[in-house]
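With these hints in hand, go ahead and build the complete structure from the sequences.
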Amino acid sequence: MPAGGHENAGYRRLFERDGLTFGAGFPLTGATRSSPPIEDELHLANHAESVGFDGLWARDVPTYWPTFGDAGQTFETWPWLSHVAAHTDDIALGTSSVVLTLRHPLHVATSAATVDRLSDGRLVLGVASGDRDPEYPAFDVDREERGHLFRESVETLRAVWREDFPELEGQWGRLEGDLDVVPTPTTETLPLLPTGHARQSREWIAEHGDGWLFYHLPERTLEDYLVDWREVAGEKPFAIAVRVELADDPTAGPEPLHLGFHAGVEWFRAYFARLADYGLDHAIIGLQNDDREAALSTFADEIIGEL
1 MPAGGHENAG YRRLFERDGL TFGAGFPLTG ATRSSPPIED ELHLANHAES
51 VGFDGLWARD VPTYWPTFGD AGQTFETWPW LSHVAAHTDD IALGTSSVVL
101 TLRHPLHVAT SAATVDRLSD GRLVLGVASG DRDPEYPAFD VDREERGHLF
151 RESVETLRAV WREDFPELEG QWGRLEGDLD VVPTPTTETL PLLPTGHARQ
201 SREWIAEHGD GWLFYHLPER TLEDYLVDWR EVAGEKPFAI AVRVELADDP
251 TAGPEPLHLG FHAGVEWFRA YFARLADYGL DHAIIGLQND DREAALSTFA
301 DEIIGEL
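Numbering of the sequence shown is given in full-length UniProt numbering, commencing with residue 1 and proceeding in unit increments.
Simulated from the structure, these hints should not be mistaken for lab results.
Just so it is clear, the structure is predicted and the values come from calculations on it, not from any experiment.
Please note that a few of the clues may not be correct.
[Claimed, not checked] Derived Cβ-Cβ restraints for the label pairs, each shown as a range:
#, residue 1, residue 2, range
1, 39, 164, 36 to 44 Å
2, 291, 173, 42 to 50 Å
3, 169, 139, 15 to 23 Å
4, 162, 255, 45 to 53 Å
Think of the CB as a built atom: it goes at the ideal place given N, C-alpha and C, for glycine as much as any other residue.
Right, here's the structure in full:
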């Protein structure tokens, strides 16, 4: 059965047209160890939408582990995206990514459907099995079970969104009798993009996901991944997250950053043009410049507008 999450407005905004689209990742202000300033985040979210970005992506990090280095955008994913939905118009809203192994699937189902309804169908769900080891005992989850728990959660989400009063059972509990999960999404099912390998095979992701969301990869590795992905998934989209720091000199060559590059706009324009030629569908940009508003504008004018 096709995954079937390709009909909602957010998914269509990101993936319906030909070519590479771009999103921006929260926190747009760069504050990852403390609560970012809300008004500044919303101002930048509106600015990203106005200059041509197609998505805004919120991470799911329930705890702060200093060794890992950050706490995402700090704010809990669902209320944060609801707040962003109320302050934006048409831009897609994504999760990158909800850690299904640490959340009860019925809570995910109703929370995600709520955000989808409040945003008029703009929600796209990146979903993950998790990668911060101390979080598993904090939630009383066996990390060795995360592959199974991830599959079980995906199957549960699809069932409760598609069926009325489904009868389901899993490690999370049992749903039976006169119980239903409300609300339902704006479409039959929300789009789910497994993140990384999520302890699954590429074939499983191709069959059960509506696309594949990955971390930044070396260019040659990404090219190989895209070839292999098309063989098993056809036209289902592939997206990556990449950190970008724009150099003052537009002709500056690349210098490596963790999960990205520092370079001039000319190099980035050529780089993303190559990724588009390989078949990449969407890139989530994590801007590293101090002046984020100016960087969003420059990226939109010099890269998005020129591809």
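Now for the hints, and whether the structure bears them out:
no., hint, verdict
1, 39 - 164: 36 to 44 Å, "42 Å, holds"
2, 291 - 173: 42 to 50 Å, "49 Å, holds"
3, 169 - 139: 15 to 23 Å, "21 Å, holds"
4, 162 - 255: 45 to 53 Å, "48 Å, holds"
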